[in-house]
Amino acid sequence: MKLLTAFLIGLIFGTGILIAGMGNPAKVLNFFDIAGTWDPSLIFVMGGALAVTIPGYLLVLGRPKPLFENGFQLPATKLIDKRLVLGSLTFGVGWGIAGFCPGGALPAMGTGRTEVLLFGVALIAGLLLARLLNRAITRPAGAARTA
Amino acid sequence: MITEFTPLTSAFGGALVGLSAVLLMALHGRILGATGIVGGLMRFDNASDWALRAALLLGMLAAPTALLLVTGTGPTIDIPVSTPAILLSGVIVGFGTFFGGGCTSGHGICGNARFSRRSITATISFMIGAFVTVFVIRHVIGV
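Read top to bottom, the protein sequences are chains A and B.
The working numbering puts the first residue of the first sequence at 35, with every later residue one more than the last.
The working numbering puts the first residue of the second sequence at 551, with every later residue one more than the last.
If you're looking for bench data, these hints aren't it; they were derived computationally from the structure.
None of these values were measured; they are calculated from a predicted model.
Even glycine gets a Cβ: it sits at the ideal position worked out from N, Cα and C.
Among the hints, erroneous ones may be present.
Partner residues aside, some chain B positions facing chain A, computed with beta carbon under 10 Å [unchecked claim]:
(1) Leu582
(2) Gly622
(3) Thr626
(4) Gly679
Part of the chain A face toward chain B, derived, beta carbon under 7 Å [what the hints assert, rightly or not]:
(5) Asn64
(6) Tyr91
(7) Val127
(8) Thr172
For reference, chain A alone in the conformation it holds in the complex (with noise of 0.2 Å):
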């Protein structure tokens, strides 16, 4: 039952994103390009998404627990430092570069269009380079030898 839910959530997650225009990189680039063939429509995107995660959060997270787990898993962090500006400076310049997102690409990815994919793996290769340097300037100088 929760794989169905799921499953059903990323279909709903999906469709939504295609009929945006999120997974199509032409239309994302051209938000960006306000001094170009701009179309401001992803600004109705985060609008559309907006006007129903606000209040059905108020409404869901009201409630003492979500029907299939015990809790609610928020991110416990509300730390703003150089990582998470940094971090999130970088992804725009990918972003810019191709016009995907890792939500936009996800359901794109399901048209088998061989780009796309190529994009899917460039992405895992990115976050698991990330982890791997984030291991290396988290650990403390010798800890590896001593482990």
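Position chain B relative to chain A; hints supplied.
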């Protein structure tokens, strides 16, 4: 390449994305973030978490087919950049979203809907990154 301004269909699609985020919180108690789903599938320490993320991903991958079956037309996906650019972009997006702790769905929709200051900061940061990058590529370098 010019694309058509589609405020109504885009808002409708966005509302569906919002609905999926609310449902995931109501049923499973989780933030819906594409980065978290991909990253979580690369970790194998918790079988039930992994299965949940796999089911979410399969649902997303089924979306183009569902759209084709219901409307008769598949999604429009125009890619105006080269394959090397796509690969470079993918690596940078993966790298950035790892350190930024999320992307357009997790921070941009779910986090902002909770008025999380972290997510608002992240959203402003990635928007600036993307606006500047597109400006530089299209109007400074002139590709």
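Hints versus structure:
no.	hint	result
1	Leu582	7 Å, holds
2	Gly622	14 Å, violated
3	Thr626	5 Å, holds
4	Gly679	2 Å, holds
5	Asn64	5 Å, holds
6	Tyr91	5 Å, holds
7	Val127	5 Å, holds
8	Thr172	12 Å, violated
Consistency note: the structure conflicts with the earlier hints numbered 2, 8.
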